[in-house]
Amino acid sequence: MTERGDTAAARRLAQGVLGGLLILSTLVVAAAVAGAPWLLGILAPGYDAELSELTTRLVRILFPMSGVMIVGAWCLGILTSHRRFFLPFATPVAWNLSQIVGLLLGAWMGWAPLIVVLTWSTLIGSVLQVAVQLPAVYRLLGTLRPRVDLRFEPTRRVARNAMPVAAGQGIFQLSSLTDVFVASLLAEGALTGIYFAQRIAMVPMALFGASVAVAALPEMSREEGVEALRSHLSTGVRRVAYFILPSVAVLLLLGDLVTSLIYERGAFEAEHVPVVRWALGAYALGLVATGLTKLFASAFHALQDTRTPVKYALAGVATGILIGAATALWMHGRGFGLRAAAGLVFGSSVGAWVNLVLLVRG
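Here our numbering = 1-based position in the sequence shown + 74.
Hint data in this document are derived by calculation from the structure and do not stem from the laboratory.
Since the model is a prediction, treat every value here as computed from it, not as a measurement.
Treat the hints with caution; some may be incorrect.
Said to hold, decoys possible - As a list, the in silico SDA-like pairs of lysine to any residue whose alpha-carbon atoms are at most 20 Å apart:
| hint | residue 1 | residue 2 |
| --- | --- | --- |
| 1 | Lys385 | Val322 |
| 2 | Lys385 | Ser249 |
| 3 | Lys385 | Phe374 |
| 4 | Lys385 | Arg219 |
| 5 | Lys385 | Leu328 |
Please construct the entire structure, taking both the sequences and the accompanying hints into account.
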């Protein structure tokens, strides 16, 4: 629509999509917040009463963040469709930095527990991420008013195509929930170690992997020939490899130093560094695959095929869950302690490579 200059239709579509997202996210967030204690009783049976209460509190902070991030994804779609790439790709970095700054500030001020401080920092970072993008979106659309508009055929088409994509995201959430379940059976603090490592590992992913994939999607969608699409895909692969491979090397070789520089202060002591470092190394093994998976999935989406990436994601996640749970429990039984949490992350990395291989062959 924007290519044809039909700004009125593009604005109507954007408003309709925003309205649908707000309704859906509000319902999901409200249900999750209300049912958090019940969900945790199923997903984390190994937690005692005190830890369950703390985790319920964290879930009730994090789920509203998910609703905010959905609006952020809408902003990203609007901006990239108008070829405005810098802002939506810079804001995820600010989101990660918000969490790191919040953690450092909490440790310096002596706020406890730090995991609650980190969770609030995550929510604040997501709000800032969206707030920074909204003025640019308003300048492009001339409005931020949502609407429910199912009579508009483009809105219905977006809804149909979004269903498999949403299912794919649900599959990845299933992997996260499985991590919570298995981590509850490990030593206390295992899930926290994973979370701290993830905050570091996701910085290069947000900077390079996701940004390259999202930037490539509108360009590939505009191409009509297969060869032109392959050219965009090949360029994207080189960019992801060029930027992420050095990050992988740093995380694998200097993981201890990176972890110490960012976290080692306040309640976070030297003895906690190996826990995060092991998980960080496991994340590093899958960074390239995760970045390329996003890129190849975007190629399928450009061809209006949103179902195939979901099938392959399901295979990858299933593989990751099985390998991750088996590895973590094996390490736990061998006396690895909190470092057993790295087994869960290792499984996710293997699953990412399985997903990538299937996408490339598909």
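Verification of the supplied hints:
1. Lys385 with Val322: 28 Å, violated
2. Lys385 with Ser249: The given pair, whose Cα atoms are some 15 Å apart, holds under the 20 Å limit.
3. Lys385 with Phe374: Roughly 12 Å separates the two Cα atoms, so the pair holds.
4. Lys385 with Arg219: 35 Å, violated
5. Lys385 with Leu328: Judged against 20 Å, a Cα distance of about 36 Å means the pair is violated.
In this structure, the earlier hints numbered 1, 4, 5 are contradicted, and the remaining ones agree with it.
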